[in-house]
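Visitor: With the hints as your guide, set chain B onto chain A.
Number of protein chains: 2
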Amino acid sequence: MAVATLTLEQLCINSIRFLAIDAVEKAKSGHPGLPMGAAPMAFVLWDQFMRFNPKNPKWFNRDRFVLSAGHGCMLQYALMYLAGYDSVTLDEIKNFRQWGSKTPGHPENFETPGIEVTTGPLGQGIANAVGLAIAEAHLAAKFNKPDLTLVDHYTYVILGDGCNMEGISGEACSLAGHLGLGKLIALYDDNHISIDGSTDIAFTEDVSKRFEAYGWHVLHVQDGNTDLEGIARAIAEAKSVTDKPTLIKVTTTIGYGSPNKANTAGVHGAALGEAEIKLTRENLGWTYDPFVVPDEALAHTRKAIERGASYEAEWQETWAQYKTKYPQEAAEFDRLLSGKLPEGWDKVLPTYKPEDKALASRKHSEICLNALAPVLPELIGGSADLTHSNLTELEISGNFQKGAYENRNIHFGVREHGMGAICNGIALHGSGLIPYGATFLVFTDYMRGAIRLSALAECGVIWVMTHDSVALGEDGPTHQPVETIASLRAIPDLTVIRPADGTETSGAYKVAIENARKNRPTLLALSRQGLPNLAGSSIEGVGKGGYTVIGCDGTPDLILIGTGSEVNLCVKAAEQLAAEGKKVRVVSMPSTELFEAQDAAYKESMLPKAVTKRLVVEAGTTFGWHKYAGSEGDILGIDTFGASAPGGVCMEKFGFTVDNVLSRAKALLG
Amino acid sequence: MAVATLTLEQLCINSIRFLAIDAVEKAKSGHPGLPMGAAPMAFVLWDQFMRFNPKNPKWFNRDRFVLSAGHGCMLQYALMYLAGYDSVTLDEIKNFRQWGSKTPGHPENFETPGIEVTTGPLGQGIANAVGLAIAEAHLAAKFNKPDLTLVDHYTYVILGDGCNMEGISGEACSLAGHLGLGKLIALYDDNHISIDGSTDIAFTEDVSKRFEAYGWHVLHVQDGNTDLEGIARAIAEAKSVTDKPTLIKVTTTIGYGSPNKANTAGVHGAALGEAEIKLTRENLGWTYDPFVVPDEALAHTRKAIERGASYEAEWQETWAQYKTKYPQEAAEFDRLLSGKLPEGWDKVLPTYKPEDKALASRKHSEICLNALAPVLPELIGGSADLTHSNLTELEISGNFQKGAYENRNIHFGVREHGMGAICNGIALHGSGLIPYGATFLVFTDYMRGAIRLSALAECGVIWVMTHDSVALGEDGPTHQPVETIASLRAIPDLTVIRPADGTETSGAYKVAIENARKNRPTLLALSRQGLPNLAGSSIEGVGKGGYTVIGCDGTPDLILIGTGSEVNLCVKAAEQLAAEGKKVRVVSMPSTELFEAQDAAYKESMLPKAVTKRLVVEAGTTFGWHKYAGSEGDILGIDTFGASAPGGVCMEKFGFTVDNVLSRAKALLG
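In order, the protein sequences belong to chains A and B. The first sequence begins at 1076 in my numbering and counts up by one. The second sequence begins at 1076 in my numbering and counts up by one.
In case anyone wonders, no lab produced these hints; they're calculated from the structure. Take the hints with a grain of salt, since some may be wrong.
Chain copies aren't distinguished; within one or between two, either way the pair holds.
Stated by the list, open to error - List time: in silico PhoX-like cross-link candidates among lysine-lysine, alpha-carbon distance up to 25 Å:
#1 Lys1728 <-> Lys1103
#2 Lys1702 <-> Lys1688
#3 Lys1684 <-> Lys1741
#4 Lys1169 <-> Lys1728
#5 Lys1284 <-> Lys1477
#6 Lys1678 <-> Lys1688
#7 Lys1428 <-> Lys1284
#8 Lys1438 <-> Lys1103
#9 Lys1130 <-> Lys1169
Being a predicted model, the structure only gives us computed values, none of them experimental.
Okay, chain A solo, but in the shape it has when bound:
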């Protein structure tokens, strides 16, 4: 076909396709197939429906767009360039997948303004989108007034076969259907091809029927390659159904336009190659050089700038009225968006004395959450069906349900991975909400994909993980964490805190809330069993990660380092050793990450290099503790799986008694 025959829409769509083709070719790396096939639906969505302001990517009331099939990121970069985002210039597109570029190999919200969430690991994006839609629904229910609609946006997703095969997407979409999140609209790029070839080899289920079973509104655009009106009609219909999320199955051809590679796995994840690109240009009537976008196409797509300014201006007007009419709510809304915490918020966190009742740290967590709930209305979250074991219910609120989106207790169901990504999405809504998600510590294994992303993608989430050691008892080794805390400590930028008592739990929440406001996740490892309150524990100490709970005169003969429930064993042992004339220091180390963040002088003052007799005590793997035990030190840990028995029996059998700490300590002292 000749270029003259291309309509304006075709020019725009092909601009997307060839920006993707050319960028992948230049990088010799990337995924051209999805952008080529999904360009029409993406163009229609961005051109006719999406409300956003390219010059202010953080404008609050924008529609959120999530490319769940993150490998197709050149689609999103092309859309952003065409729409006029400052972050994605033509130079950045030419620099696709290179060191320091704004166009990394998968969309990264922390690198590229305008990208909402980090995708690539399949299924995360659609689950994040459920979180974005929950955040919108919650804020709308909370702030909108009969006469003024302050919060009102859609969350749009493009997802592929890969996302739909992942369990996490099923979890999140089942919940989205249950919650009736009507402003969530997902376009399913149904291209029948995954990396291994035709989806026929592994994926022949009826996806539409499955989503109907979840309670979604489901539509089908049979020709997603050329039927732009059909796509537009479907999106419009999706918007009209307000009590259910919508899945629009859009049947497309992966690598559309490539004469020899379209509809093959070969076009999924590799550059087309010079020869095939030439043929594709011919086939699509594309006479432009690499990275050249026709003027008329750019002129059209850049209208997004003007549109966006006007959308935002309109909203600013509403906001101005809102501030006048509802100053109290406006102040709260403003505070949330600013990410500021209320003055003195942390004063509600309790501290404890040794004579106070020994409670489980999960119980202290419940006390903290409920103390914070009235002060921090941004706290919203819940458990993966373990609410009364994790103790995460906010008493002042009801359940977040269809028709009750103003509530703050979310019942995630037994869907840990979905919960994780949903919490990430709530955080990345960027509206000041502080989400928390809870399950048993050992089941972080089910949601590790999302926990890792919370750290990478800078999500201010609190992970409330209870039943933190073999001391949980009878449920046995499938439920008893052993290596779990170590495996979480290894994740960069995740702060793991295992508090020793009530005061330390308060300290942990202080850190967690402050972290959340710095867009950093915190994971709390909390006990099932009661923990005595220590004389030496402190909120400030937790902030430093490691600190002295029992000191001694002069240089210690021995340092005992404990975390969580084992600090008390160290304290008891130290008291006895002191009575025997030994100079013993006990360092409570609730968070190695926070300790590492202190300056060298502080660290040396806590763990002097000269004191080589050190005993670490933690009811978990020894893995990772040699750094603090040192070559001459010892570690009392558990390097096997646990066992089913009452918690006290487990602790004793695995050696977590004062006597055993004493005997290991004495062995070191010689």
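Guide: Okay, now just chain B, sitting in the frame of chain A:
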């Protein structure tokens, strides 16, 4: 009702219920609700359908039973006691959830003969069952003859709402539907209650419709509490449909029989309490003391012993005929079941010289898999839709598909967690198959629940994980493992191996296959990029976990410790240091677990305590390496997330160059 009115079936069913009630009450811990509600379906299944031999729990051709809702384990223990398994005596039931008992808090195959798989972490069991059914289908296709059916059993599952909410079950069941595993029959205990309360609060999807969408045959028993005939009819109908797995939704009442707690979350996971137990006894007309089973009930259920002996005898007769008629196949079948490896199997593993081409270790893995495939027909597996990236295809075989179950290449789809549990199930079929599952190393995060269970439940699986560091390049931080290897090393009883070159990859497979035969899983971390073949590498060295690849005369001044792709950097740096007159040893440490298993003398010989100048080099987190670096040593690692750029650029930017190794080494040498 009076006891006289109880039918024999009711006596049996109530025996199950009260064994569960009484055991949980005695332990003051456990889950009575599921056994009370699911007892009728379980009784009908075990009484009328299941073919097994209680006196030989390992009889090959038994039907497999999986309690996916593992918290209800007292159901299974009661069934096993009633059926006459030696492992579960009345004393063991009285010892429920106590240290050293055969009746731990969740079913554990490694503790209790007769338990097929370890469940408790929800969703794993149903996914294991898919693996069991795959194993059966494969062996049947391979060994059965038109005149002799050697392999022919069903896999039955009881699963609950929790299992059905978990993404892993969706992944595995979608694949089971695709594969048309007709001998997989799952009974869904539809009791509308999960821990947080009514499933209405989080789980209102249409489960039956979802399974239909997966391609399952779906049935519904409306009154699972009393309609025993309906249950039996449904199971019979399920058996009659041979080309689809069947889900039988059995609507029940959790805690059936308890006047005040039935149909509440309160009965899910806590003892009923003395008063309620009394009322339940009255309500169900149960006049027997705790732990007393009526004689007529026991007499009936113990008929399973005679039935089982006759089932096995019948099969032994078939087997005898088979051995006569098909001696070659019989010998192979026999070898598989014995768990013996063929003589000299490991001779096919290649070794390499420095002049051989530098290939990626994932490529070497492909070479090993394909060298082993003809020698070890028990190798069966595949990738989660990354076959041509993980390089896991066995060239001598086709795809395992409906109608082609004799094949060995399984396409798992983008379903990592499901793949993990399916591989565990194949291993736990106990028929000598060695399953392997593959994805990118970073996505072990998606399947960690199953990897952990592979170690705990003693599954001889090989996890083939490729793209093992930031050197994978452009895909960026979402795809680049940093903390991943450390987090896997922390798992007890999992052998993690990161080979440095071709010879070490062969060594890794030697260990992995031998581990599999000892029911231990092995995880291989393999490179995307080419690795030079080292002069000093060896298969034997890998077996020891750490060994010298470059030595020196006398006591070294410095030891460089490297793994995988970084060993070559160490070698190059050592050569240069040697040229400068330094005495340097390079230890390749492909597996810290294997190294730890060596005796103290060997470990001291490799890493003498006296040599404190040590530099560890690994393109991953430093977490966990201080044990080997020692207090005076140094670690060149990556404690941040990666970045999107070509692999070589990434390695350079993160400091993985010979120059940087040299400079860190010289800083240590002073």
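Visitor: Take the hints in turn and mark each one as holding or not.
Guide: Now the hints, each set against the structure:
1. Lys1728 <-> Lys1103: between (57 Å within a copy, 20 Å between copies)
2. Lys1702 <-> Lys1688: both (13 Å within a copy, 15 Å between copies)
3. Lys1684 <-> Lys1741: both (20 Å within a copy, 22 Å between copies)
4. Lys1169 <-> Lys1728: Between copies only: 21 Å across chains, 62 Å inside a chain, cut-off 25 Å.
5. Lys1284 <-> Lys1477: Cα proximity of Lys1284 and Lys1477: in one copy and across copies (22 Å, 22 Å).
6. Lys1678 <-> Lys1688: both (16 Å within a copy, 22 Å between copies)
7. Lys1428 <-> Lys1284: neither (58 Å within a copy, 56 Å between copies)
8. Lys1438 <-> Lys1103: between (54 Å within a copy, 21 Å between copies)
9. Lys1130 <-> Lys1169: The answer is within: 21 Å in one copy meets 25 Å, while 70 Å across copies does not.
Taken one by one, the earlier hints fail for this structure only at number 7.
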